[in-house]
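*Asks:* Counting from 1, one number per residue, gives the positions in the sequence shown under UniProt numbering.
None of these hints come from the bench; they were simulated from the model.
Backbone N, C-alpha and C define an ideal beta-carbon position, used for all residues, glycine too.
Some hints could be false.
[What the hints assert, rightly or not] Label-pair ranges, simulated between beta-carbon atoms:
no.	residue 1	residue 2	range
1	Ser48	Gln25	29 to 35 Å
2	Ala115	Ala31	16 to 22 Å
3	Ala66	Pro122	31 to 37 Å
4	Asp9	Val88	23 to 29 Å
5	Ser48	Gly86	14 to 20 Å
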Amino acid sequence: MSDSRYNIDVSVVTRYLPEQSQPEQNRFAFAYTVTVSNTGELPATLLSRHWVITDGDGRVQQVRGAGVVGQQPLIDAGASHTYSSGTVMTTRVGIMQGSYQMLAEDGKRFDALIAPFRLAVPGSLH
């Protein structure tokens, strides 16, 4: 059963970056904008991230690090934090998913899950 004090919703919008990609060298760049919404009852700080990036060939890359884009934002109850970042893959299609490690104002640590989302060069999916 989930505790309503600790609830984070994550939404992601992705974009292919043709100007930073080199398809002939199997280099495909993507940007993603993430909105982290605190729908819980307590303010929470985003301490760290864990991404699992799976390319179109099934190769998995894991990325762990403190915060997001150099920040560890405190997100008040009812508020959200939006940031943009990016990744480069060797295939035209891939999937990212993961979690944020959060610290609520009362000292409880919890994970905010990031549902899988697709990165795809436009026109590469039928």
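*Asks:* Hints first: check each against the structure and report whether it holds.
*Replies:* Hint by hint, here is what the structure shows:
Restraint check, Ser48 to Gln25: a C-beta distance of roughly 32 Å satisfies the suggested window 29 to 35 Å. The beta-carbon spacing between Ala115 and Ala31, approximately 18 Å, falls within the hinted interval of 16 to 22 Å. At roughly 33 Å, the beta-carbon separation of Ala66 and Pro122 lies within the given 31 to 37 Å, and the hint holds. Take Asp9 and Val88: their Cβ atoms lie about 27 Å apart, and the range 23 to 29 Å holds.
Taken as a hint, the range 14 to 20 Å holds for the pair Ser48 and Gly86, whose Cβ atoms sit roughly 19 Å apart.
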